[in-house]
Amino acid sequence: MSPNTWVIEMPTQKARAHPFPRRISPYRTPSRDAFTRDPPAMGPSPPLKNHDHPVFEDIRTIMSVLKASGLMPIYEQVSSYEVGPPTKTNEFYSFFVRGVVHALTIFNIYSLFTPNSAQLFYSYRETDNVNQWIELLLCILTYTLTVFVCARNTKNMLRIMNEILELDEEVRRQFGANLNQDFGFSVKFLVGIAASQAYIIVLKIYAVQGVITSTSYILLAFYAIQNGLTATYIVFASALLRIVYIRFHFINQLLNGYTYGPQQKRKGGGRRRQRDNINSYPNPNSNPAIMEHFPEDSLFIYRMHNKLLRIYKGINDCCNLILVSFLGYSFYTVTTNCYNLFVQITAKGMVSPNILQWCLAWLCLHVSLLALLSRSCGLTTREANATSQILARVYAKCREYKNMIDKFLTKSIKQEVQFTAYGFFAIDNSTLFKIFSAVTTYLVILIQFKQLEDSKVEDPVPEQT
Amino acid sequence: MAQTEDTDTVQPLLQQFQQLFFISKIAGILPQDLEKFRSRNLMEKSRNGMLYMLGTLILYVLLYNILIYSFGEEDRTLKASQSTLTFVIGLFLTYIGLIMMATDQLTALRNQGRIGEIYERIRLVDERLYKEKCVMDNSTIGRRIRIMLVMTVIFELSILLATYLKLVDYSQWMSLLWVVSAIPTFINTLDKIWFAVSLYALKERFEAINATLEELVATHEKYKLWLQGDQETPPQLDSSQPPQYDSNLEYLYKELGGLDMGSIGRNSVSGSGKNKVAPVAHSMNSFGEQIDAATGKPPPNPLASNMVHESELGNAAKVEDKLNNLCQVHDEICEIGKAMNELWSYPILSLMAYGFLIFTAQLYFLYCATQFQSIPSLFRSAKNPFITVIVLSYTSGKCVYLIYLSWKTSQASKRTGISLHKCGVVADDNLLYEIVNHLSLKLLNHSVDFSACGFFTLDMETLYGVSGGITSYLIILIQFNLAAQQAKEAIQTFNSLNDTAGLVGAATDMDNGSSTLHDLVTTTMLTPTG
Amino acid sequence: MFRPSGSGFRQRMAGLTLKGALYASWILGVFPFTYDSWTRKLHRSKWLMAYGLVLNAAFILLVVTNDTESETPMKMEVFHRNALAEQINGIHDVQSLSMVSLVLLRAFWKSGDIERTLNELLDLQHRHFRHYSLEECRGFDRSVLIKGVAVILEIISMLILELGMSPNFSRQLFVGVTSLCFMLLAVLLGATHFHLAVMFIYRYVWIVNRELLRLVNNLANGETVESARVDYLLDLYHRLLELSDRLASIYDYQMVLVMISFLLANVLGIYFFIIYSITLNNELDLRSVVFFQALIINMLDFWLSIEACDLAERTARQTSTILKLFNDIEQLDEMVERSISDFALFCTHRRLRFHHCGLFYVNYDMGFRMAITSFLYLLFLIQFDYRNL
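Taken in sequence, the protein lines are chains W, S and R. Each residue of the first sequence is one higher than the one before, counting from 1 in the numbering used here. Each residue of the second sequence is one higher than the one before, counting from 1 in the numbering used here. Each residue of the third sequence is one higher than the one before, counting from 1 in the numbering used here.
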């Protein structure tokens with residue numbers, strides 16, 4: 001239990017053989033290959049009582065969905081703190097699923113360009129038809145991109161997972177804290193996505209006149225699956241971010257024990273109210289009033305923070321492109337659906353409940369996904385940036401400790417961490433606001449178009465009469 | 001829990017809030033217990049208050065709905081006769097005031113336990129500041145509250161009365177219900193006064209910290225001068241200049257110094273010995289640090305000269321504690337600011353949304369009224385340009401003042417670092433220099449930024465963006481209105497001649513040109529922020 | 001500097017591209033310097049400058065006098081339909097001509113600064129970075145290669161566009177097209193110079209990063225590291241930042257003009273195409289393919305100019321991340337620690353960013369905003385034209 005059990009890990013044999021990375025791709029963090037400083041694979045790892053404790057149990061459901069759809073590798077569990085690459089058969093399975101997906105995509109695009117799909121796009125107006133078409137294409141594009149990026153990033157994903165697990169293990173060894181938490185939201189979102197997709201299909205089927213051909217069924221089903229899986233991936237990314245958030249939060253709490261606030265509170269005999277929920281402070285053995293553990297703990301925290309930042313960046317790199325295309329797709333969908341709603345409401349007399357429900361279902365799905373994504377990104381970013389703020393609250397008498405604090409603070413001034421969408425913009429709460437203001441602008445433009453279109457329709461009338 | 005031995009030394013901030021609390025309690029904005037507040041200046045939860053507040057909320061909602069219903073008859077004709085756009089906007093905005101009020105009240109209910117905590121924390125901060133010989137003067141805050149209350153009442157009454165007398169048909173007794181239309185804005189304003197005044201108090205505390213640091217610098221400079229032995233000559237401001245100022249700032253410095261020498265008479269009369277909050281007022285402008293350095297150096301008046309010549313900055317170990325404490329207080333104030341921002345985040349968001357929408361809508365309806373089109377009955381104040389001006393200045397005054405205050409507060413918190421560094425430079429001591437470095441690193445990491453739910457920060461940049469947004473949306477709306485009117489005319493006269501249609505076409509074409517331009521403005525406004 | 005940096009195929013290709021750019025610039029007179037291999041310095045040559053001025057002025061004159069472009073039937077059709085398009089096209093023509101002359105003139109005007117900057121780069125290369133192996137910097141090679149390919153593609157697409165659109169071949173047309181291509185090449189080469197310089201800076205920053213990483217690794221292995229080493233790296237980094245600032249200030253107007261004309265060309269191109277294909281109800285045929293390839297290549301080139309700056313910026317941002325790794329080391333020598341702190345503080349105060357005209361930083365964020373803005377302009381143009389659709 002004492003923090004002294006922590007030892008500096010030496011680089012592995014392999015890392016020593018290549019003292020500097022042979023290759024630094026500009027798209028990756030520089031400290032990938034050479035500086036993971038992995039401990040040698042946990043051969044003599046501390047014996048733990050639940051050895052066959054499955055990793056990532058918190059997000060098991062969503063993982064299994066993604067594994068089945070070939071988006072995530074079906075990894076092997078080497079030990080309770082390490083996952084290995086998938087076996088050949090499983091790899092082949094993922095490969096096969098992806099192949100099927102691409103084949104279906106091609107079929108879909110083919111039938112979109114041929115009259116096969118004409119049945120599905122019943123039209124109440126010309127422009128709307130085009131809109132729906134673009135929406136479909138965007139959906140296909142997003143999903144295909146997701147599959148491609150996932151396939152390319154299999155190894156990175158595994159490495160990120162391993163890093164998270166390794167970090168967990170260190171925390172466990174050091175503090176005996178188990179950082180698992182309830183990820184109920186992911187399951188709820190899964191159910192929600194499935195329900196809304198099913199609802200949308202049903203609406204669509206009801207809306208189509210005449211007998212539905214089998215091609216249309218396939219189209220519809222695949223469309224729903226594409227949408228659902230893209231949405232699931234976004235939920236998965238949010239869950240991963242949440243995992244990182246919990247770790248950041250843990251070290252921040254750890255650090256919080258050393259800040260002057262709680263210390264003063266102890267001294268002052270509870271005169272001050274408690275600011276943060278220090279009750280949940282997970283480290284029982286470090287009495288905050290005692291600074292003697294500070295050097296070791298702070299070093300540990302710095303290390304953890306670095307590792308977490310690397311994981312955070314890794315996740316960002318993995319989801320970059322997917323996030324950009326999803327945000328674009330979602331932006332488009334929200335705009336067109338708002339527009340349709342507006343048209344429906346203002347149209348005189350011909351309000352169709354079917355279209356209303358359809359629009360509302362889409363809006364709910366996308367808005368909630370956007371909110372989830374931006375919220376979890378914002379939370380994690382804030383927590384990552386909070387570490388230096390909390391550290392600034394640590395007041396040490398001893399000069400040595402001060403230097404230790406300065407060491408971290410100097411390197412983190414103005415180095416704000418951000419979760420970006422391919423460098424285009426940072427994703428946090430303000431993204432939501434920006435997206436909605438952009439939606440308004442485009443909506444206004446669209447409505448203006450519609451008015452012009454209407455007046456164009458009306459204009460020829462006087463000429464004929 | 002109450003610190004009885006401290007109460008006579010440090011005045012709690014809440015003492016100044018007596019009238020405001022009373023009014024808010026009556027209006028049903030705060031659920032806290034009245035008696036406890038009166039006797040001990042504490043804000044505590046109370047079940048009765050909560051019930052009372054819920055009751056008022058329900059009452060207001062009911063009254064407002066009756067108001068809408070009774071005045072809504074005119075609107076039905078509006079829908080039939082006039083453009084749908086005006087109708088839709090009116091429908092959309094009818095309830096926004098009510099929503100805003102409900103947000104305020106519900107948030108106050110949710111926060112009822114935590115607001116008291118914030119004032120308790122402010123009191124603790126005051127105590128600590130007092131220990132560092134930095135007395136906070138809360139009387140200005142009381143004055144501020146009174147001014148704000150009076151302003152609110154004047155605005156509300158003038159809008160209400162003017163609208164009632166000029167625009168409401170007061171022959172029917174139902175027209176008395178019009179009074180209800182002022183309730184949401186009034187309640188909202190009261191709630192915002194709480195926030196604004198507390199924010200102002202925080203700003204004053206930041207400035208007090210800055211002033212304390214400046215004072216340290218000033219005394220030390222005098223101490224150094226005294227050591228040099230030129231006590232008999234009055235200190236030339238140029239000679240006492242710290243060396244770190246650039247040469248291009250020097251002329252400014254001289255000018256300010258000259259100004260200061262000119263105003264010595266007044267300064268020495270008012271006496272800068274006791275009241276440390278007074279010089280803070282000068283630091284409002286952008287050259288605050290320089291001016292402070294200049295004005296913070298009081299002339300060597302004989303009263304103070306015997307105690308001035310011991311400078312705290314000479315003693316590094318002693319000053320370290322002081323600086324540490326100030327730094328901690330700074331952090332604590334930052335934290336309080338954050339907590340306050342969090343408590344009021346939804347009300348502020350709703351206020352900003354309300355301000356934006358109402359401002360746009362009011363101007364749009366004013367335009368409609370000048371074109372002799374009918375407008376929704378709830379917005380009848382737009383029929384008179386004079387009343388519109390009052391309404392607009394009232395609404396925008398609320399929003400702009402909050403934004404301005406938040407901006408100023410975060411500016412004041414950022415200025416502490418500069419003041420701290422001046423200490424380091426003046427003292428010219430290696431040990432102290434290290435301390436200052438360490439603390440300034442910490443100060444860099446204290447951040448207080450006010451934002452509405454994290455969606456946008458409250459600063460001048462946002463204000464700029466919002467005003468741009470209002471103009472462009474207004475223009476778009478007017479354009480729509482024009483197009484709709486012309487289309488209607490065209491339909492009415494469609495069988496007369498073909499060239500009228502051509503004319504309309506040309507006119508709409510021209511609109512398109514202007515719309516392109518204005519949309520362009522919109523996007524250039526919105527793309528940086530949105 | 002223009003030597004191939006290694007023996008692999010990719011490196012050799014990159015070296016070839018660099019050489020090609022150098023010789024082409026010499027021939028077209030946009031690189032008025034001579035290289036003195038003894039002192040390893042570039043010297044400004046009055047003769048080359050005069051040659052470049054005369055040559056490019058001749059190109060511009062030829063283009064202006066032999067302008068047959070507006071007589072193509074397709075354009076005539078479009079203009080007849082939409083008067084606004086004609087006006088905009090006129091503005092665009094004037095803008096591009098003035099852009100070309102401004103870019104070239106400013107390149108000559110600033111040639112003294114360019115000479116000094118390039119000499120310093122050469123000096124850096126020779127004195128400090130010669131000893132490091134440069135082979136592993138893939139980003140550099142790839143970016144250089146793609147840029148070269150993009151320039152060539154741009155010329156080819158220009159040729160196809162000009163020759164494919166005009167039905168009647170005449171001598172005047174050929175003279176006009178050739179001079180147009182040369183002029184375009186000259187401008188593109190001017191832009192390429194900036195691009196290449198940015199890439200060189202990127203590579204040096206990358207090397208500094210790698211050295212820092214190596215230091216951390218050594219420390220983690222328990223070896224000692226001299227603080228002088230860190231100071232040396234900091235000095236290099238400082239000089240690199242200085243150089244990048246100077247580069248940006250030399251090339252800012254050129255780059256902004258080039259970027260604006262790329263954007264304008266894209267927006268107008270799509271606009272004309274929409275008028276042509278939708279308003280005039282023309283069938284899509286081979287011409288649209290020609291048109292689309294030109295558009296895509298244009299976009300590619302635009303994005304490359306942003307990508308280069310962003311790449312350098314990202315690499316520089318990694319420096320501070322690497323510096324954070326020093327936190328892990330437990331017993332650090334005090335001197336080393338101080339040097340590292342200096343480095344970190346320097347990184348917070350100044351970052352490698354390319355600031356153009358005091359207006360904006362060039363990175364992905366800006367690129368994204370530019371793309372959105374151009375899309376909006378396109379929408380407005382279409383909206384204006386909606387009644388004619």
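Honestly, I wouldn't trust all of these hints.
As the list claims (entries may be wrong) - Below, a list of computed lysine to aspartate or glutamate pairs in the EDC-like style, where the Cα atoms sit at most 20 Å apart:
(1) W:Lys402 <-> R:Glu330
(2) S:Lys25 <-> S:Glu44
(3) W:Lys414 <-> R:Asp333
(4) W:Lys402 <-> R:Glu223
(5) W:Lys434 <-> S:Glu461
(6) R:Lys110 <-> R:Asp245
(7) S:Lys488 <-> W:Glu383
(8) W:Lys397 <-> S:Asp429
(9) W:Lys402 <-> R:Asp252
(10) S:Lys408 <-> S:Glu489
(11) W:Lys402 <-> R:Glu86
(12) W:Lys402 <-> S:Asp429
(13) W:Lys397 <-> S:Glu320
(14) S:Lys338 <-> W:Glu416
(15) S:Lys338 <-> W:Glu383
(16) R:Lys110 <-> R:Asp93
(17) W:Lys402 <-> S:Glu320
(18) S:Lys488 <-> W:Glu453
(19) W:Lys414 <-> S:Asp449
(20) W:Lys434 <-> S:Asp459
(21) W:Lys414 <-> R:Glu334
(22) W:Lys397 <-> S:Asp169
(23) S:Lys383 <-> S:Asp169
(24) W:Lys450 <-> W:Glu135
(25) W:Lys402 <-> R:Asp365
(26) W:Lys397 <-> S:Asp321
(27) W:Lys450 <-> S:Glu489
(28) W:Lys434 <-> R:Asp333
(29) W:Lys402 <-> S:Asp321
(30) S:Lys414 <-> W:Glu416
(31) W:Lys402 <-> S:Glu434
(32) S:Lys338 <-> S:Glu117
(33) W:Lys434 <-> S:Asp449
Derived by calculation from the structure, the hints in this document are not laboratory data.
For each hint, the structure was consulted:
no.	hint	in the structure
1	W:Lys402 <-> R:Glu330	holds (15 Å)
2	S:Lys25 <-> S:Glu44	holds (13 Å)
3	W:Lys414 <-> R:Asp333	violated (26 Å)
4	W:Lys402 <-> R:Glu223	violated (26 Å)
5	W:Lys434 <-> S:Glu461	holds (15 Å)
6	R:Lys110 <-> R:Asp245	holds (15 Å)
7	S:Lys488 <-> W:Glu383	violated (57 Å)
8	W:Lys397 <-> S:Asp429	holds (19 Å)
9	W:Lys402 <-> R:Asp252	violated (44 Å)
10	S:Lys408 <-> S:Glu489	violated (52 Å)
11	W:Lys402 <-> R:Glu86	violated (69 Å)
12	W:Lys402 <-> S:Asp429	holds (18 Å)
13	W:Lys397 <-> S:Glu320	holds (10 Å)
14	S:Lys338 <-> W:Glu416	holds (19 Å)
15	S:Lys338 <-> W:Glu383	holds (15 Å)
16	R:Lys110 <-> R:Asp93	violated (25 Å)
17	W:Lys402 <-> S:Glu320	holds (13 Å)
18	S:Lys488 <-> W:Glu453	holds (15 Å)
19	W:Lys414 <-> S:Asp449	holds (15 Å)
20	W:Lys434 <-> S:Asp459	holds (17 Å)
21	W:Lys414 <-> R:Glu334	violated (24 Å)
22	W:Lys397 <-> S:Asp169	violated (74 Å)
23	S:Lys383 <-> S:Asp169	holds (14 Å)
24	W:Lys450 <-> W:Glu135	holds (19 Å)
25	W:Lys402 <-> R:Asp365	violated (38 Å)
26	W:Lys397 <-> S:Asp321	holds (10 Å)
27	W:Lys450 <-> S:Glu489	holds (19 Å)
28	W:Lys434 <-> R:Asp333	violated (48 Å)
29	W:Lys402 <-> S:Asp321	holds (14 Å)
30	S:Lys414 <-> W:Glu416	holds (18 Å)
31	W:Lys402 <-> S:Glu434	holds (10 Å)
32	S:Lys338 <-> S:Glu117	holds (13 Å)
33	W:Lys434 <-> S:Asp449	holds (19 Å)
Violated hints, in rising order: 3, 4, 7, 9, 10, 11, 16, 21, 22, 25, 28; the structure is consistent with all others.
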